[in-house]
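Chemist: As a plain string of letters, each chain reads:
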Amino acid sequence: MKTSPALALGALLLAAFVCAAAFAPAIAPYTATQQSLDNDLAGSSRAHWLGTDKLGRDVLSRVVYGARISLAVGFTTVALSIVIGFWIGALAGYFRGGVDQALMRLVDILMAFPGILLAIAFTAVLGPGLDHVVVALGLIGWTGYARLVRGEILSLREKEFVHAAAALGGSPLRVVVRHLLPNVLPALLVQATFGVAAAIIAEGSLSFLGLGAEPPTPSWGAMLNEGRQFILVAPHLTAYPGLAITITVLALNLAGDGLRDRLEKRGK
Amino acid sequence: MLLSKTLKLHAVIPLLCLALGFSGCARSADDRPPGALVVALESGPTNLDPRYATDADSERIAALVFDSLARPDRSFRPQPELAASWDAPDERTFIFHLRRGVKFHNGKDLTAADVAYTYRSALDPRNRSPKRGILRFIESVEANGAYDVRFRLSAPFAAFTETLTLGIVPQGTPVDGSGLVGSGPFSLEEFRRGERIVLKANPSYWNGAPRVSGVVFKIIPDAIVRVLEFRKRTVDLIQNYFEPDMLPWLEHNSRAVVSSAQGTNFQYLGMNLEHPILKHRAAREAIACAIDRDAIIRHILKDLAVPATGLLAPQHWAYESSVEAIHFDPDRAKRLLDEAGFPDPDGDGPLPRFKLSFKTTNLDLRKRIAEALKEQLARVGIELEVRTYEWGTFYADVKKGNFHLYSLEWIGVVDPDIYYELFHSASVPPNGNNRGHYRNLEIDMLLERGRREMSIDKRRVIYGEVQRILARDLPYVPLWWWRNVAVMQRTLRGFELYPDGNLISLRRISFATPAG
Amino acid sequence: MKRFLLHRILLLLPTLFGAVTLVFILIHAVPGDPVEAMLGETASSADKAALARELGLDQPVLTQYIRFLGDLAKGDLGRSLYNQGSVSALIATRIPATLELTLAAMAIALLIAFPLGILAARRRGSGADRFALLFSLFGLAVPNFWLGPLLMIAFSIQLGWLPVSGRGGAAHLLLPALTLGMAMAAILTRMIRSGLIETMHEDYIRTARAKGLDERRVWLKHALRNSLISVVTIVGLQFGALLAGSIVTESIFSWPGIGRLTLQAIQTRDYPLVQGCVLTIAFSYLAVNLATDIIYRIIDPRITYED
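Protein chains in written order, with my numbering: chain R, 1 to 268; chain V, 1 to 516; chain P, 1 to 307.
Be a bit skeptical, because a hint or two may be false.
Derived list of chain R stretches under chain V, where covered just means 3 residues or more per stretch with a C-beta under 8 Å from a C-beta of chain V [to be verified]:
1) 33-46
2) 122-132
3) 223-233
Hints are computed from structural coordinates only; laboratory data are not their basis.
None of the values given here were measured: they were computed from a predicted structure.
All residues carry an ideal CB built from backbone N, CA and C; glycine is no exception.
Taking the hints into account, I'd like the entire structure generated from these sequences.
Modeler: Structure follows, in structure tokens:
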């Protein structure tokens, strides 16, 4: 089957960012935290291609190292959400009845909160730090996946191969992992690409509210927020991390769209 | 039938109508009363009742609406306001003679009964006023005829004059924030918490009517938005609430007038003296020597601060001028640490001598300062783990003594008796604000003497000694005193900066041409 | 329909109860003490203890929770710890501002998404289609806290058309609503486009075309109506995102709504106010979703609800 150009472009861009993240020390001309207070808010120069920030740190290096932080936040958050969402959705879908009712009420409760509010509360309880941001975002982000998995499993459960597996004496766990998981996974992956983009932006919003990455950690969201105050005197502080976020979100969405098209075609 | 438009309109028009319907009942934020001044604030006051006003915004605005018995001058000595004069028959008694003919905004005369009522209601535990703590030395307040008020103290207490700044409300004013009437240059028209405060000029103010028709305080939480509003000329004056780096831009792009003056707000590095490392004086001095205040002030604060020698600013009457600022000297810092038994395991390599956590609030400027401190301490081998907290959490931790290092500022320091609250061994939390658990018998004795001594000259000697000891012991590392800075539109005349940042000069302010 | 409504409303109760419990647990787990903040720097420990007793904060958390539920059952949200005002009155003054902002954001999102989505679907692969794609990616990628100042600089300072911030008439509403509605506009544009493209391949559309209905009517009558159903669902779900976004947007635009009130309440550890705010937000989200379910049934009578 032919790969769509959108999927290819998305995957390519994403790969580029993952490489930047993986080989940040080799690519970045400086470290992300090296300060030089008397060279602050400088524009582009040969020494600093993308200029420097308020503390005289190299913006290019921070954007490159930022790929590490932001992609890590995006992917681990979503991974955590998927793990929780899959098991809760699977429990609800497999056992139905009271279990389903109870779990879906839990989903309702969490969905009734604006996510950011819960994230504020969680990070306030857990204390500052990027790992806590990931936990907070992961703990509130699973509801969508749970609904998706539950729906898929409710319909799959009636399929013959599941009945057959159950009749052959497979334990529920085995049926879920061996037969249901592979069938739900593609839909989860599509959802996940959008989730990663959302998590990267959510980390930024938490930075805006003062609850994101700890300084001097260069997450793109934190950089964007730090640069806001200088938007009139040094727009490059926001432009480059903003661009990095935009391209990543673009790549993830292209990949997600492409993946979905491909799955739908295969389904037909 | 064409569904397209109808469907679209069905969906959108009701929403728009609803939205605009709600906006119809909102007053335009821009319709400033003619001739009024607009001032931008960051978070704004929480309570304007002078018996409850404790945050800086609340105190500053309350001071425009309510007069008090006396007000500190630029060197923090009390000057008469509502009290024309006072005398002290003995060390525990003060009698205030009120100015005659002062009227509240509602037309009633301000008398001794109102003064007594205000103080008594602030002291009443049922009213849970946050001012009760500083008033607790007052045993009784009696009106003596219409114009004399007699204060009786439970013990001689020199800092008593600090309590004279309490704004006076009419007798019977409830504590629920309703019906707030004062006798000051402006009356309170509207108070929408977190949104705006509107003051109207009091034309019959005893000390001269204001020259503007009123003052609107707009609460604009985002710093960059305050600057944009100023640029748009929908704000006339911003004091202190902006990024230092915006000043040159404002001067060039907005033709703003910028003025700055020495202030008294004191930024310090607090330390936990029960920490196994920080309990060593040498370690504290090393930290003090490792901090390059000048670089931080020049580059991050854009010279809006001055290196501090201690809590009291140079213009304070009790300031001890023989105390010198600590000089930036990383080599000395390293030497001190080596000698104190904290060698650097790998010289200038990446391994630190020890790790400390540094707590601060999550405001942009505070984070930037924290990052610079981290870098500077790293150069002498101390690893700082920066932890930023939202204010409520940060403050709770600091009050409980749950920190290694933190940074905060003291604002509104008037009487040097504040040292008792900060460094007396009896003031360890929860009984006071000696959060670092500093204990020094000599200091304890001096502070006890200082609060009983009524002669200002003798107190100056006592607190001079206190300042010298603290500069040697370093329970705090003094960082800097903030300068006050204001940007104002070119047409504004008569604004004056005060060291403590108060806004009382607003009553003398005017526009060169009508505001527009 | 009546049974359906009753059932749905009954289902709201456990959800609200759960939400209230969750927020109670969270706010009490967050470090920070309202008594310290209320009594200031110089209060004696006896005064602090007395105030804690008066507010019931010295009681075990479970007792406080039961008392809170009891008050709530009576419709009493309590009083703000700071200015003594009743929580419900405080919230009531802020609700119109937030409703105004979220509804306008929704309206702007629909006004952008419908024409753009339809145009992109009708002319697949054209410049307009590509523009729609770019727009929707941009809308998803730009965080509110960056977009807001950019819009202010462009429209208020450079062009001078609109006020910078604050609440007032329609002019004040435009920029914050656009900021808040951007992500929703992006999502809806994509949905409408892909929904329309999908329906155009359905059999009944082919039939309609075969019957010789003119293209315009096919599009409008059949395709659009069909995709409207999914739009309604998304609007309901996205309302939660709008409420969440309003917390950030209101802070940027000095907008006196529930979002900022919630933030202030959290910062000052004003427990009753936090609880009231969160309850209000959760309730409005659930109410809007109930409303979407009802609209859903009206638009598409084929849908039935077994449960």
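Chemist: Can you list which hints this structure breaks, lowest number first?
Modeler: When the structure is compared with the hints, none of them turns out to be violated.
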